[in-house]
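Protein chains: 2
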Amino acid sequence: MQRVVQRQKPSAIPAAIAASHLLDGVPQPVVEDILGQTHLRLVEAGTVLFLQDQDAASAYVIDSGWVKLFRETLNGDEAIFDVLTCGNLLGNFDGGASSRHRDSATALTPVRLHTIPAAVVSRHMRGCTELALNIIRINTQTSFQHSMDLEHERLQSAPQRLGCFLLRFCDGKPADQPVHLNMPIDKGVIATRLGMKAETLSRALATLKAEAGLMVQGSAITIPAPSRLADMVCNACSATERCID
Amino acid sequence: MQRVVQRQKPSAIPAAIAASHLLDGVPQPVVEDILGQTHLRLVEAGTVLFLQDQDAASAYVIDSGWVKLFRETLNGDEAIFDVLTCGNLLGNFDGGASSRHRDSATALTPVRLHTIPAAVVSRHMRGCTELALNIIRINTQTSFQHSMDLEHERLQSAPQRLGCFLLRFCDGKPADQPVHLNMPIDKGVIATRLGMKAETLSRALATLKAEAGLMVQGSAITIPAPSRLADMVCNACSATERCID
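Protein chains in written order, with our numbering: chain A, 93 to 337; chain B, 93 to 337.
FYI, nobody ran anything at the bench for these hints, they're computed from the structure. Warning: the hint list may mix true and false statements.
Distance condition first, Cα-Cα at most 25 Å in a straight line; then the derived SDA-like pairs of lysine to any residue [unchecked claim]:
#, chain 1, residue 1, chain 2, residue 2
1, B, 301, B, 257
2, B, 289, A, 287
3, B, 289, A, 328
4, A, 301, B, 167
5, B, 289, A, 327
6, A, 289, B, 331
Next up, chain A with everything else stripped away, as it sits in the complex (with noise of 0.2 Å):
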């Protein structure tokens, strides 16, 4: 079930859509006519909100909660891409007539989106290159992690892997001070996101609990330091620009 909670008042970009970089240095006009047909959507936990090769009708930016992008093969068998959360940008914006999506959506949690109609973006792409430039380099920067994700799972330890999954969350935080996350996502979910198995995920943890002082209590993380964690994965990583401050 899903549920209109509001339309956006088109004169401040919230939050969440100031994080995606989505309008960033988009003219005014344009920001409005965008702002004023975006809705705000709440979203049970459960709730199927694309599928793979449907029409992409709208885009969306998370608001809260927590997302799974995913695909399924013919045999049935499910990779998980990625676990998003508030500010990420989920659609598929490729400025053509009729844009399909290319995995499928679900809400792990109740999520609250911004629901931005795909025609209103892809009319204002061909008027408004900020917008156009702000899509590539949002697209490049996906592009970016996939790859990341794809060095990562050839050459890091399962624990390496899970450590650079929580540091992508410190993102903006003092290294060396304490990091609470709330993560309320099923451990088999955050398994096939990292390629590994749920024992394999359950002794990484353990791991990071030893090594990095991680503590962990239901949904509740502790990262007492983040650069304790990134001596532990950043080596073992191409990345030349530190995740973490």
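With chain A fixed as given, assemble chain B onto it according to the hints.
For chain B alone, coordinates are given in the frame of chain A:
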């Protein structure tokens, strides 16, 4: 050693650039300006085309030969993300003033390259929506390819991954007739590209010879019928459009 072969004649789009789809639907004056500043260069095997984090001063479309795209971790491990050939675009167009390469690229064989100044493309992207949309489409395809590689590394067997890699070069060819490929690439590079050990690749090759009738003589590979290879591979893939006709 690099040698400038010739400046492009601006009137006609070279076949490899047409195959890259970079200039699809772009107005003639923009095409002529871009091609007028594009050079065809010949580089020897082993030439480093660019390194991760270098300024992305140029982009490249491969006219002939093979190039590997890779990154290195601080520990010195190498991850090969792709092995590219005729019609593939190399580079980073995000429209920024100081774009940097996210990967490194080295010629695996003698390579002929169309070298396009990034500044020319970035400038036209701001005035020509069609060019920006082409770049969005190429980036989206690359991103999709990376996520498919991740999926296949998790869900496909080694023979299936090798079969899928070979099928990509059968695109546009009849599915039930022999396809002859010339792939003068070290087996170790293909193994690293596919995230497997050299011995695993050898066993995978033996399986494809036995079960799909693959024939290999030096760098010449004959696939008796892509459809037969696809029968082995494509059930373990989430792509809903078949990669072969």
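Structure-based check of each hint:
no.: 1; hint: B/301 to B/257; in the structure: holds, 15 Å
no.: 2; hint: B/289 to A/287; in the structure: holds, 18 Å
no.: 3; hint: B/289 to A/328; in the structure: holds, 19 Å
no.: 4; hint: A/301 to B/167; in the structure: holds, 24 Å
no.: 5; hint: B/289 to A/327; in the structure: holds, 22 Å
no.: 6; hint: A/289 to B/331; in the structure: holds, 24 Å
Violated hints: none; the structure is consistent with every hint.
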